[in-house]
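Peer 1: If you read the sequences in order, they're chains H and R.
Here the first sequence stands for residues 0 to 138, numbered as in numbering that gives the first Met the number 0.
Here the second sequence stands for residues 0 to 157, numbered as in numbering that gives the first Met the number 0.
The set of hints was computed from the structure by calculation and includes no laboratory data.
Mixed in with the good hints, there may be bad ones.
[As the list claims (entries may be wrong)] Within a straight-line C-alpha distance of at most 30 Å, the following computed DSBU-like cross-link-like pairs (lysine-lysine) qualify:
{"id": "1", "chain 1": "H", "residue 1": "LYS27", "chain 2": "R", "residue 2": "LYS107"}
{"id": "2", "chain 1": "H", "residue 1": "LYS103", "chain 2": "H", "residue 2": "LYS17"}
{"id": "3", "chain 1": "H", "residue 1": "LYS98", "chain 2": "R", "residue 2": "LYS107"}
The primary structure of each chain is shown beneath.
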Amino acid sequence: MEESQSILELHVDQTASKNLSDAARWAKFLSVLGFVCVGFVLIFFIAMRSQITGALSRLIPGFSELDSMGMLIGIIVIIAGLVGLLLYFLFRGSLLIKKGIETKSQDVFNSGLGLLKAYFIMYGIITIVELVSSIVSIL
Amino acid sequence: MEQQLQNQDAGLFGLSIDATGRQHLTEAAKWARFLAIVGFVFIALVAIFLIAGGSYIANMFGRVNQYNDAGPGFTTGMTIGIIIYYLCVALLVFFAYLFLYRFAVNMKMALQGNNQELLNRSFQNLKVLYRYWGILTIIGLVFFGLAFVIGILGRAAV
């Protein structure tokens, strides 16, 4: 019974293994680059914080430099956190998929697929939030 | 027969798409399809805006150019240049969403029909998608690096 179930299942054959390993390698490269970019953006905001908060307090009437700093930190933490988590899912997912293929470990491979799913779900939710906020700002 | 034996061998000793993997991939494909469709709609809107809003862009450049010596030829050239540039960007992004869409659709059909060929095609599109973004990123980084070097050299020459 177990054997017939195995024959009917979809397999990660040689072609699929090669494609998934290549996909994982490029995904790892992109996620590492993404982490570096997030790091650079954070460094930029930390270095330019006084200029940015000064400009914000001039732009928004009744907004002190302290308010601007608080708002800036809040926005940066939320955006960096979301992007960082998205990149983490991609990075960890690609690592586990590659490791699962190399070691032929079904559990590790499934964990990698789970993280790929989490990456797409999070990407989708961020897109929905962006769409809703764009529609609200247009109306 | 040989193919069946190979599949059996792969199933007994290799990785397979079991119930857990199937659930993860079904969900991933659903969200990937949604993302691809949103991407197609967004690209279509950008293309429509660029083609229909050409006169708006030309008007914007005309207002800017009235303060310098640039003639109407320059305004027209800049407008056409900007429209072509953004249409090229839209085309590049379109291909990325096309690969994402193919990954999602092939995965859904492969899981529904237990089709190994479609599963392989789906993973191939996932590979092409990430390789495509990777190569575009490398090209972008090279251009960024060149602009940086040219900027430094230009500053040193002044």
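Peer 1: Kindly indicate which numbered hints from before are broken by the structure, ordering the numbers from low to high.
Peer 2: none
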